[in-house]
Amino acid sequence: MERIGVVLGRREATPLEFWVGVEGEGLLRLDDLVVVEGFHPKVGKVRYFGMVDLVAKAHEGESFDTDVFLAVQGKIPVSLAYVAHVSVTRIVPEEFFPPDPGSAVYLAREEDLELALYYDAMKNQRGSTKLPAGFLKSGEVAYLNLEFLNGVKGGHVNISGISGVAAKTSYATFLLKSLLESEVLEEAHQARVLLFNVKGEDLLFLDKPNLRLSEEAKEEYRRLGLPPTPFGSVRFLAPPKKGEEGILPDVETRLEGVKAYHWDLVQFAQKGLLPFLFTDKGALTNLGFLVAHVTEKLRRLAEGQKGPHLLVADWPGGELPEDITFDDLGRVRLKSFSDLVRYLEYKLLGPETGEGEGDRTWVARQARPTLEAFVRRLRSSVENVGHLIRGDRKGNPPDPLSGSHQVHVVDLAKLSPQGQMFVVGSLLSDLFAKKERGQYRGRVFVVLDELNKYAPRDEESPIKDVLLDIAERGRSLGVILIGAQQTASEVERRVVGNAAIRVVGRLDAAEAERPEYRYLPTSFRQRALILPQGMVILHQPEIPVPLLVRFPFPAWATKREEVLEDNSAEALRREFF
Amino acid sequence: MAWRLYSLDLSRLEGTAGEVLSGAPEGAEEGYPASFQPLEEPWEARRADPVPWPEPLYFVDGRERGEAVLSDGRRLALLGCVAAGAVVYQQGNMRLLETRVRRVGVGLEEALRLGELVYEPLPLEGPPSPGDVLTALQEGLRKARTLLEEKLAGALAGGLLVVDGPVRLRRQGPVLGYIKTHWARYLPEDREALLSTLKPGERTPMFRVRRKGQELASWYLRLPLPPEGVRPPESGLLRVETPLQGDFGALADLSLSLFPALASHPVKDPRAPQNLLPVGGLERELSRRMGSREVVARILARHQDSLSADQGGG
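For the record, the sequence lines run as chains G and C.
Numbering (this note's numbering) for the first sequence: 1 to 577.
Numbering (this note's numbering) for the second sequence: 578 to 891.
Keep in mind that the hints were calculated from the coordinates and are not lab data.
One or more of the hints may lead you astray.
[Unchecked claim] Here are some chain C residues pointing at chain G (derived, C-beta under 7 Å):
#  : residue
1  : L673
2  : L733
3  : L854
4  : P855
5  : R861
6  : S864
7  : R866
8  : R870
9  : V872
10 : A874
11 : I876
[Stated by the list, open to error] Calculated from the model, a selection of chain G residues having no Cβ within reach of chain C, i.e. all distances over 10 Å:
#  : residue
12 : S63
13 : T66
14 : D67
15 : A71
16 : K75
17 : E256
18 : E383
19 : Q406
Being a predicted model, the structure only gives us computed values, none of them experimental.
The C-beta atom is built at its ideal place from N, Cα and C for all residues, glycine as well.
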């Protein structure tokens with residue numbers, strides 16, 4: 001054990017915090033873990049484990065700030081004090097009496113470090129639950145307790161941090177890597193991941209090795225017990241390009257291996273996805289009621305239909321647009337979302353000529369202004385989601401629970417905000433409903449950035465309801481949300497509050513002062529302002545202090561330029577044959 | 578009869594080396610200014626070019642503190658603490674070299690242990706006059722301190738030694754003593770006028786001083802005392818002396834590079850400018866090593882019982 005100093009006597013030493021005077025050439029930094037041994041004849045030996053959360057140097061006994069100039073000029077002798085404040089993380093055994101001033105302080109290494117960070121408690125009857133979560137400052141592996149992530153004792157992860165400093169998405173993907181490949185999570189092969197790509201095309205290369213991955217970084221992965229490889233089983237889905245006949249994924253940098261996704265009208269009606277087009281449900285309660293009613297009408301209408309187009313029998317010929325076709329029973333074929341909107345307009349407001357009224361069974365006794373508001377909104381959404389909800393081709397919506405791929409990346413970056421809301425809301429509600437019905441056994445991890453958009457603190461929306469459902473009931477159903485946002489203060493409290501694991505990357509100064517981050521000690525809040533790339537502050541329920549964690553450079557490419565091209569004969573053969 | 582605690586309130590017995598030594602006793606010295614004898618002519622202000630400080634450059638100082646007065650009914654004894662320390666200037670850095678702390682019982686015949694404090698006996702030389710017991714005890718404590726200082730200074734080899742107060746010890750190498758207060762007059766009246774016209778960084782010519790068979794060269798120099806011109810010129814004066822041996826003239830010129838640079842600032846130190854910066858730091862350190870007065874007083878009060886038990890019949 002390396003002796004680093006002694007417990008100070010000039011300041012109070014308590015069982016929960018004390019000060020350390022650093023001796024000689026000793027080095028004590030923020031986040032260093034220390035151990036002190038105390039003794040009392042009635043209790044015996046007690047060990048205090050703690051983390052340094054403040055270090056300071058000062059010229060002792062000098063009463064004037066300018067004395068330092070004299071000291072530098074060599075005119076006065078000075079005594080340099082190097083002290084550190086330690087927050088106790090653990091006392092073994094739990095006897096809360098203070099350590100004696102003058103007690104030796106040692107750096108906690110190996111077994112001591114494991115005790116200090118409760119690693120010894122991270123296990124269940126089947127084995128260890130230590131999930132590699134990065135590296136501590138000292139270079140040792142930092143762990144988090146899987147049981148607080150996979151839903152056993154707690155679930156969900158929440159990540160905060162300003163964008164552009166590689167924290168949120170990078171750390172989320174690193175955690176996924178650890179979850180899927182560290183072999184700590186049981187039946188990891190059954191786990192499924194739904195990743196939303198909200199910005200650029202960062203996540204579209206998860207399956208490609210990173211060109212810039214250095215040997216040292218590879219070694220770091222090995223020390224974490226992870227293979228330094230990209231994700232093995234990934235399916236990429238992107239929205240189709242707008243205004244084109246064929247269905248081609250709307251992506252720019254990745255050209256192969258991305259499939260376009262969309263819903264057909266029958267799926268849209270049967271699954272009741274209409275509410276996800278109305279993100280301001282709370283604004284008009286009548287409108288909310290109408291939305292629910294029309295959703296139900298559509299569901300009944302689509303009953304038994306195969307799609308992709310929706311057949312309707314009650315749209316008189318005179319009202320029809322020119323390109324509408326009929327099936328053999330004389331029913332009208334709705335072949336696009338705009339057809340559907342026009343049909344609904346007819347059912348709710350009557351013929352375009354303005355004579356007559358809407359169908360009474362559709363309008364649900366709503367006043368005309370409400371009906372008009374509904375139609376207006378629906379019309380304006382045609383531009384946003386017309387290419388996502390279509391009647392010309394069999395639907396192919398993302399379904400992370402089916403197929404053989406483990407990770408499903410759903411691209412949202414090119415969609416309008418309404419389109420993004422629609423996709424996220426539809427997918428999550430569908431996924432949650434399936435898990436509720438027990439249709440899939442394995443755990444499902446959902447990674448969603450920009451939570452402040454989907455679950456804002458002050459507004460109501462159907463998507464927020466789904467996210468709240470996942471946050472509150474998801475962990476018992478095996479749906480784990482790895483959510484991220486720039487500012488936790490703008491996200492619904494219950495969504496953030498239900499996350500057992502909290503991660504903070506670099507924060508904006510004003511944001512760091514908000515109550516959402518009070519669980520961080522002051523020194524960590526200050527440091528959150530200056531966190532460098534690749535470092536996050538990790539907080540988990542069992543450890544009373546947060547950990548400053550560095551995570552390795554991604555082993556997978558995060559953009560086209562980083563992709564390590566595989567030109568081996570075998571790879572070429574795969575490509576061409 | 579046993580020793581008993583007589584008093585713990587001794588604040589008036591406290592003092593530091595310079596003040597005590599440059600006080601009254603000096604005035605009684607061998608007939609100055611009558612025997613005034615200049616070593617340099619003409620009698621006018623002198624300057625010197627700056628020279629680098631010699632290394633190592635030692636500063637030695639001491640402190641004393643009375644902690645309790647004991648009485649056995651007939652006699653008094655003084656328990657006190659003396660400390661001496663040295664700082665050294667070397668390679669552009671001033672650092673604490675050594676401190677020594679002793680606890681002595683002036684007037685005791687045997688060592689006295691009270692709790693963790695041990696007072697070594699220091700018998701009085703001859704019976705004091707009845708009215709002056711306390712002064713004599715205090716004088717004994719001062720001697721103990723001087724002894725400690727000289728012992729410490731004697732162990733410092735090479736370089737230049739600067740001591741607070743008159744030069745007493747015999748040393749192989751050069752030594753400078755400086756006196757901060759000027760109760761004693763060394764100059765005849767017609768020469769004294771120069772003192773009030775000295776500018777900061779100037780000195781008087783050297784003159785000869787004889788003390789107890791020791792031949793010394795002495796001079797006054799003027800320390801900077803910002804803001805200039807507010808306080809009377811005498812308040813920035815320092816008298817420096819060195820044994821009349823070797824190149825004492827060079828030391829006089831060196832003193833102009835040394836003392837003004839180390840003068841303390843009146844904002845920070847009520848004894849500015851004469852209380853030199855490194856010595857001020859050393860004194861703070863010494864009083865720290867002597868322990869808190871309150872803590873010592875409490876230890877003594879707590880162990881009163883063992884006092885009479887240990888010294889039963891003493």
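Practice problem: Against the earlier hints, flag every one the structure doesn't satisfy and list their numbers going up. | Solution: 2, 6, 7, 8, 9, 10, 11, 12, 13, 14, 15 and 16
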